[in-house]
Each structure stands twice: as structure tokens, then as C-alpha cells.
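Undergrad: As a plain string of letters, each chain reads:
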Amino acid sequence: MDFKLSDQQKMIQTVFRKFAEKEVDPIAAEIDESCEFPAENVRKMAEIDMMGIPFPQKYGGAGADTLSYIIGVEELSYRCATHGVILSAHVSLGAHPIYKYGTEEQKEKYLVPLAKGEKLGAFGLTEPNAGTDAASQNTTAEIDGDQYVLNGNKIFITNAGVADTFIIMAMTDKSKGTRGISAFIVEKDTPGFTVGKKEDKMGINASDTRELIFQNCRIPKENLLGKEGMGFKIAMATLDGGRIGIAAQALGIAQRALDETVKYVKEREQFGRPIGKFQGLQWYIAEMATKVESARNLVYKAAVTKDSGESFSTEAAMAKLKASETAMEVTNKAVQIFGGYGYMKEYPIERLMRDAKITEIYEGTSEVQKMVIAGSLLR
Amino acid sequence: MKIIVCIKQVPDTNEVKIDQDKGTLIREGVPSIINPEDKNGIEAAVSLKEKFGGEVIVISMGPPQAKVALKEALAMGADEAILLSDRTFAGSDTWATAYTISQAIKEIGDYDLIFCGRQAIDGDTAQVGPQIAENLNLNQLTYVSKVELLDEKVKARRELEQGYSELETKLPVLITVLESINKPRYASIKGIVDAHTTQKIKIWTADDFEVDMDKLGLDASPTQVHETFVPKHEKRGEILEGSYEDIVDNLIKKLRSENVV
Chain A
0 MDFKLSDQQK
10 MIQTVFRKFA
20 EKEVDPIAAE
30 IDESCEFPAE
40 NVRKMAEIDM
50 MGIPFPQKYG
60 GAGADTLSYI
70 IGVEELSYRC
80 ATHGVILSAH
90 VSLGAHPIYK
100 YGTEEQKEKY
110 LVPLAKGEKL
120 GAFGLTEPNA
130 GTDAASQNTT
140 AEIDGDQYVL
150 NGNKIFITNA
160 GVADTFIIMA
170 MTDKSKGTRG
180 ISAFIVEKDT
190 PGFTVGKKED
200 KMGINASDTR
210 ELIFQNCRIP
220 KENLLGKEGM
230 GFKIAMATLD
240 GGRIGIAAQA
250 LGIAQRALDE
260 TVKYVKEREQ
270 FGRPIGKFQG
280 LQWYIAEMAT
290 KVESARNLVY
300 KAAVTKDSGE
310 SFSTEAAMAK
320 LKASETAMEV
330 TNKAVQIFGG
340 YGYMKEYPIE
350 RLMRDAKITE
360 IYEGTSEVQK
370 MVIAGSLLR
Chain B
0 MKIIVCIKQV
10 PDTNEVKIDQ
20 DKGTLIREGV
30 PSIINPEDKN
40 GIEAAVSLKE
50 KFGGEVIVIS
60 MGPPQAKVAL
70 KEALAMGADE
80 AILLSDRTFA
90 GSDTWATAYT
100 ISQAIKEIGD
110 YDLIFCGRQA
120 IDGDTAQVGP
130 QIAENLNLNQ
140 LTYVSKVELL
150 DEKVKARREL
160 EQGYSELETK
170 LPVLITVLES
180 INKPRYASIK
190 GIVDAHTTQK
200 IKIWTADDFE
210 VDMDKLGLDA
220 SPTQVHETFV
230 PKHEKRGEIL
240 EGSYEDIVDN
250 LIKKLRSENV
260 V
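If you read the protein sequences in the order shown, they are chains A and B.
The first sequence: position 98 = 97 (numbering that gives the first Met the number 0), numbered continuously.
The second sequence: position 51 = 50 (numbering that gives the first Met the number 0), numbered continuously.
Rather than coming from a laboratory, the hints here were simulated on the basis of the structure.
Since we're looking at a predicted model, the values are computed, not measured.
Be aware that one or more of the hints could be misleading.
Derived, one-sided and incomplete: chain A residues facing chain B with beta-carbon distance under 10 Å [stated by the list, open to error]:
1) Q7
2) K9
3) F18
4) E46
5) D48
6) M49
7) I52
8) A61
9) A63
10) S67
All C-beta atoms in this analysis are idealised placements derived from N, C-alpha and C, irrespective of residue type, glycine included.
Okay, chain B solo, but in the shape it has when bound (with noise of 0.2 Å):
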């Protein structure tokens, strides 16, 4: 069995300051984490390795330092790792990036599952995922918090906003998992060191796999981004005066127009 999982490196938002003048993140000093739901995505691929053998392939696509994410994935039981590094590849949104690392997963080939957190602790957009599966023309379970494997199917239980739902569907298959699935694995030791001593972590730039140059980057993105800001919290306050009937009915007025009721 051949699992393959995307993880993505991003800044420990526990440590995280924001410029107030410039509206961006403060990288320096903020040490860079393994998003903790690709972390249970690793989980989920190396228990069930574990279980019923195979290989697990990690893989990424940022910038050269993402390595160390790789390597910590390598010492928590990966077999294989692979890095999507090129200039060209700089400022994807979620759009490019999927396009991105499906035609890699592509290129890896033969897999049965593949696993990805939910989302991301920097963008919070819970696309990439989805936007794989539906690039692959592959079947995806998404909000996932529990999955069994079951000869050539997969069950798995979906959270939803209001209970959940138990689906089963065929290999090969996209899970996206949520915290809640298991409890991430501490990278070993031994692993650690193996991880930064042999020469696991393959690097693929845009030569390296099929791509169409012009789906890549900043320029292919549909989104765009402007101008980011840190939302201000202004607390406004109002007092309405005149008869009981009349603050009554300005009252309902102004919170119809606010859409409140």
C-alpha cells in the first residue's frame, strides 16, 4: 500500500506577533511547525503502514527550509519525502498549489490513499485538500475523525456541524483529518538523526514532473491578495432616547438593518 500525505510548513501561531503598521505576520524569531493536522495526517499514514505495511511518502512544496518539516515527518515513520521547490512555484494560492502538488502525486503514482489536515493554521482555508481530490478525479472524505481500512475500502466517520455520518468508499481515496482522528506520534530519536544523516528528502523542481508553466505561481492565482490588515475592534457604543415605544421600534429598526434579527 502506498500512502501518500501533503503537509505543509507554517509559523507556531502560539508565537506569532502581527507588524500593526505593515498588517503582516513578525516571521522573525517565530519558530516554524509542522501544521498540527498534517501531523495527524502522518499519524494516520504511519499507524496504518504499521498495520498493514507498505510506504508512506511525505510531501510538501515551499521553500528550501521546509525541509526541516520533511525531516521531523522522516522521524516520525515516513519512508520518503519529497520537496516542491522553484521560484516559479512562489506565491500559489490554494488554487496553484493543489495544481502543483496533484501533478507531483501524479508523477509519484500508484497510490492508494492520500492524507491531508484539514487546513492550515496560517490560511485557514481547508481547500487544498479538496482542490487535489477533485484534480485527481478522486473520491475525498473530508472532516475526518476516525478511518478504518477494510480490505480494498476505506470507512470513515465525517464530523459534521450537527452529529456525523459514517461513509465507506473504494481505494484509492483523499482524507482530509481533523485533530480529533488520533494523537500525533513524538518523532523518535533515532529517527531524527537517520533523517538528517541519509539523503531521504528529494527535492523536485519544476523540471522534475509534468506542469503546465502557466498554472504555477503568483501569476496563476485567482486570488489575489491586496492588502492585509489587522481588523479593529472599535467598540460603539449608543444610547437611544425618547419613549418606551419609540427606543422599542428604532431598536428593531436598527438591528433588522444591522441583519442581527
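Just chain A, with the same shape it has in the complex (with noise of 0.2 Å):
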């Protein structure tokens, strides 16, 4: 096993930190208080062939590996966590679904404005009773002619108000269960797709979530991705990659996390000392490290089995339930480390935790990747 990067993925990790150091890290506090999109960052990263990095060149992408947008991700959300799922949410659920079972025509009018990022991709699979129970849609598209008329609401939409490009799964028909379930392409501004209010959340601020409203939206046949009844797969097997995604960011705001306090402990002086010099201090330290390294090796794993062409659902399930949940622990342990200074929102780390939060929940709760998981080894 080889644990070292190749040249190639250094020097995109260092593209990456450098442009996080640089263009996100310094409007990463003022847009969680905002709650803008930062759009201008989103057009920087599309200029050095951030946001189609893992497709190849021959539809308008870097050509690089999974891993080396993986690293991406987790340099990104280093910074700034809303960074990270754009660039996620754009990649695994906009774009990859229409690179994997797209057709050429398909892959030559959507996936390479995607991948060139002259467009933003984003993936409607939830419901207002469709969340964990993702097999339970309400939407529906029915066929007219040369063309599907879709109805229905998708809720939570990451990059909803800002994309162009969307990937909607609804049913087409219902007396199939999951296998009545569709996936269609469908572009913004189509007559009948409207969005709704942006979301007030807990973190994650300038990510642009909202719902998404059909009525009677017309799109042409031809905008079916893959065929029909075959949308549920479509959308676990994007989850699954999505999931290395979110991951990637976990592991961002966790190293972040460990980073900021080691700094912390060794300034902060009480009893006539810097904190890290008491060992109760030094175990919680040395905890917070060795499980942000545990998710590291387990979000690389799984990147690493996706470019090798073998399943990797439980790869990804493991990496994101560890992740986020080291996440979790790692930004609640540095609060507490920082104590009143952590409860601040002028010290970074409150918006780690509050960022934090999201990884355990989206492209499926940590229960679901138990169950992802479970399910492999009970088959």
C-alpha cells in the first residue's frame, strides 16, 4: 500500500491551499454573516479547472482522479465549508450523473458547460416525505408526446438558486416502487420550474439551498438520463460518490479544527502556563489528531476505490460516517478547548461547529450510512 501522493496530486493540493489561503479564507467569516454566494470565487475556480476537475479533457474537464478532487474538497472546506459543497454538490451531483449515463449528445450539451464550469450543476432527490425514505417520491413525470411533464417539490436543493443544470428524479411509474423512478435533465428557467425562498440555516450560510417547485414543467424527451426506471440506481450510485464528497469536507473543517487549537493551546496561558503544557489538555489533543487522521485514511480509501472501477458504496459510507462524525467531535472538543472564545464568532471555530453539523445529515444521515453499510455485510 502506498500512503505518499503522486507529484501530480501535491501540486493540485497546493493549487488548492494556496487559492483557499487566498481568495476563500479572506471572505469565508463575512459570507457566513451574509449569506451570499460567492459567485466571483465560484468564476476563479472554473478559471483554473476547479469545478470540472475529475472528468476528462475531452468533455471540458482537468482529467484528473478522484482523489485529487477529493483533496480539493477538503482544502477547500478547510476555509471555508460553503466552498466545499459548491464544489461537491456541483461535481458528484450535478455533473456526474450526466458524465456516467449520459449519452454522448447529453455529455456534449450539458456535462462539458458543467465541466468547464461556465455552468453550476445541482441534484433534486428530496422531498418534504421523501428524506431518508428516498424511495417514497411525489413527483411525477408523465409522458405527452416528445416530451415529460413533471409536478412536484423537491426540498434542500444545495446551489438551487445559482445552478443551471439539474438532475430530477421522479416517478414515472408509481405501481413500480423504486423501479418506477426516473431521472431527468432539466435546465433552469424551463416554463413551470420555479425556486423557492433561499433557506435560513444553522451553518453552511452562503450555500444556496431552497426548494424546488414543478407544475406542468414541460421538458423534451430527450432529456431522460439513462432510461426509464432506472432513477433510483441513478441516484444511489450518485450518492455514493457524492458521499466521498462530503466527506472530504468533514475532513476540512475537522483538520481546521485540530489546527486552530493546537495553535491555541500553545499561546493561551492559565495557572502561569500555556494550556497544551497540562496533559489533560495534551490526551484531548492527541485524541481530536488521531481521529482526524482515521477519516483522512478511510476519505482517501474511498476515493482511491472509485478510480480503481470497483464497488466502493461501503467505502464511502464508512468515510462519511466517520468523518462527519469526527467532525462533529473534533469542532464540539475544540469549543470546549477554547471555552469562552470558542462560543465567539470572532474566532472561527463556533463556525466550524456549526458547519460541521450539515456532514452528519445531507447525501444521507449517519443512520443511513450505517445502513449502507450493514447491509453490505448482512447480504
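Take the two lone chains and join them into the complex the hints point to.
TA: What follows is the structure, given as C-alpha cells:
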């Protein structure tokens, strides 16, 4: 086993790290407060091919591997978890299903501008009554001549108000259960398709999260992704990939909390010496560092397994479960160590804790990850 | 238009530590980077290429690991990269370095512009650029903070200690640039992938271009380093005593002897 990054991966890591330090960090606290989507930074990311990092160059991508992409999400999230999820939702949820299941025509029309970052992607599966029970889809798509007519609502959709291209799950045949779900590519501004108000969240505040509303929204028949009835399979496979992205986001948050804490305990003095000299805190730090490193090993392994072509559902679920719980535990401990300062908005620690929580919830809660892992063992 | 950029791989001095006993840099664990002002040179060259067409060739002298710096330059938009790497080049001072690079540039030939960073953050001499210009018998513009290309001419702003001067000269010309000239772009991800998957870096040894073997490396270098050490910062205080007149006279004498006044 080789635990070293290649020269290429290291150089990509350095570019993301510098970009995050110079472009993302200066606005991170500000956009957390203002909730403003960082459109200018997304444009800059597109300029240097970050938005299409794992897709082949013939489709407008950068042609890098999944691990490079994952490291990118980690580095962005280290400075700002909102930037991390914008990239992850765009690449894994918006663009990847088209890359994996799209026809050549669909790839040409939709994947190329997404991979070039000229357009932004989003993904609609969750509904008011279809969360963890994702199969209970109420959104319908009925065929009418050479069009499908979509009706229904999707909620909590990342990038909703700023995306151009949406992957939408809808029932084409309710009688078939999960096999009656199909996936569609829907363009923004299609008549009958609107988005709701921006959600007011606990964290990742500048990420644009909204409801999607379909009222007799007509889309061309050729915008069916894959075949009719393949939607649930496409959604689950898409989420397998997305989970590695969210795991990387959680990892970035956790690493930042650890680094900030290490710095703080060396500087902060109580009882006449730096608090890092107290064994109690040394043990906390050791536990935090060990958790972060084990999360990193699982996350990187899931990315490498995906690229190997082998099944990676279990690895992705384990990575997300471990990394998101690590993010929550480590940021919680960091706030505790910072004490009153950790609770104040002047320091980044409280933002890290608020941002960490969502990683245990979206793209499958921790409980869903356990269902996936146990399911693979008890088959 | 053919633009050549000379770059140097240097230790990132933000993270460098000094071995107090040996007086040398601790290189272990210190990342290597493209010398910052050389990056400004790459940016200047690539943006001129984007505007006027042509090609950008980056050239560096150093051990094989300097290829990493050249790959980054390719990922920033350079078209070709040459690494001058040979045991006989080792230990070169600025004179021998400039000689070796000049000979390589002669081999490349047909150039219109040569960009160098003003100086490297490890040596701080600011000598290599001007020496290359002298060797090639070229016009040179140093300490440049702004450059414009007008037909066959270059217009540049040179920063001086007090103020600046604007100069125009014919091509070909060698320009050493300051950090203020531009904001270097990030290496693109696609560029990084391409730089690692295509073989755009040529390695030239002393056999690959015309050189006088007596002018290479440590032995041919007029500058020889006998010792490196960390200067001691000792704060010495002295209290002058006596009458006010005596103290003032004494103080003035001391300041004069130290060349302070």
C-alpha cells in the first residue's frame, strides 16, 4: 500500500491550498454572516479548471483523478465549508450522473459547460416526505408526446438558486415502486420550474439552499437520463460518489479545528503556563489528531477505490460516517478547549462547529450510512 | 514571438529554519517553490503570449528535482521547458550560472524577449539576469514594474529608489521584473495534469549545448563561499560618564568613529 500522494496530486493540493488561503479565507467569515453566495470565487475556480476536475478533458474537464478532487474539496472546506459543498454538489451530484449515464449528445450539451464551470449543477431527490425514505417520491413525470411533464416539489437543494442544470428524480410509474423512478436533466428557466426562497440555515450559510417547484414543467423527451425506471439506481450511485465529497468536506473542517486548537493551546496561558502543557489537554489533542487521521485514511481510500473501478459504496459510507462524526466531535471539543472564545464569532471555531453538523445529515444521515454498511455485511 | 523565462527553484523561505551550529539552511521538510519574482516573469511572458501569440520557453538550472518547478511553469501556460542539469554545473556562483544559461539561450536562439525575476529569495544577488544580458550582448531593463509591447519595441517602467523612469528599447531585450508587475495566475488543474502526462521537459546536460568546460561549476566560479554563519545580534550598551560637555564630546567622537555621523 502506498500512502503517498503522487507529484501531480501534491501540486493540485498546493494550488487548492493557496487558492483557499488567498481567495477563500478572506471572505469566509463575511459570507457566513451575509449568506451571500461566493459567485466571484466560483468563477475564479472555473478559470483554473477546479469545477471539472475529475472529468476527462474531452468533456471539458481537467482529467485529474477522484483523489485529487477529494483533496480539493478538503482544502476548500479547511477555509470555508460552503466553498467545499458548492464544488462537491456541482461535481458529484450535478455533473457526474451525466458523465456516467448520459448519452454522447447529453454529455456534449450539458456535461461540457458544467465541467468547464460555465454552468453550475444541482441535484433534486429529497422531498418533504422522501428524506431517508428516498423511494417515497411524490414528484411525477408523465409522458405527453415528445415531452415529459413534471409536477412536484424537491426540498433542501444545494446550489438551487444559482444552478443552471438540475438532475431531477421523478416517478414515471408509481406501480413499480423504486423501479418506477426516473432521472431527468432539467434546465433552469424551463417554464413551470421555479425555485423557492433561500433557506435560513445553522451553517454553510452562503450555500444556496432552496425548494424546487415543478408545476406542469415540460421538458424534452431526450432529457431522460439513462432509461425509464433507472432513476433510483442513478440516485443511489450518485450519492455513493457524493458521500466521498461530503466526507472530504467534513475532513477539511475537522483538520482546521485541530490546527486552530493546537495553535491556541500553545499560546493561551492559565495558571502561569500555556494550557497545552497540561496533560488533560494533551490527551484531548492526541485524540482529536488520531480521529482526523483515521477519517483521512478512510476518505482517501474511498476515493482511490472509486477510481479502481471496484464497488465503493461501503467505503464511501464508512468514510462519510467516520469523517462527519469526527468533524462534529473535533469541532465540539475545540469549542470546549477555546472556552468562552470558542463560543464567540470573533474566532472561526464556532463556525466550524455549525458547519460540521450538516455533514452528519445531508447526502444520507449517519444512520443511512450505517444501513448501507450493515446491508453490505449482512447480504 | 519567442519569449524565454529564466526561473529558479528555491526553498520556501517562509518556512525555512537555520542550523545554528553549521550555519546552513535546514532543507529537510522545507517545500521548494518557484522563486516568487520568477513567477512574475512567467506571468508577464504568458500574458504577452496570450495577447500577441508566440511561445513561452522556461529554462532553469538545477538538480533533477527542479523539474517540479518547470512543471508548475508549464501548468501556468508555458509551452516548453528546459532543465540544465549536469554534475559539472554544480556549485556555480552567479557568474558561472549566467554563463551556462546564456549558452543554453544561444542554443535556443531566435528569441525576442527574456524575462528573469529581479532576484532569488535564497541568494538575493540580483546578478544573474543582468549577467545573462551582458553575455548575450543584449539591452537590459531591470527592476521593471510595468511592461508594454509596441510593435518591435518594449516600453517599460523601471522602479528607482526615488521615483521611476520610463524607457523604450528595441527587441530583443532582457527584462528583470519586480513582484509589483503583476499577480501571477494559479497553475490550472488541467495544466498540472498535462505537465505530468506529457513529456514537455527537456533535460540538457553539458553535452547538449556548446559550453566551455572551464567556465562551469564551482571551480570556474569567482565567488567561493568560505564560511556561512548566522550573524549575532548582540545588544551592547555603554554608559558615558563625566560632565555634560565631556559626555557630548565623547559621544560625537564615538559616533564619528562608527561612521554614524
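Undergrad: Indicate, hint by hint, whether the structure satisfies it.
TA: Going down the list of hints, with the structure as the test:
no. : hint : result
1   : Q7   : holds, 4 Å
2   : K9   : holds, 9 Å
3   : F18  : holds, 6 Å
4   : E46  : holds, 8 Å
5   : D48  : holds, 4 Å
6   : M49  : holds, 6 Å
7   : I52  : holds, 5 Å
8   : A61  : holds, 4 Å
9   : A63  : holds, 5 Å
10  : S67  : holds, 7 Å
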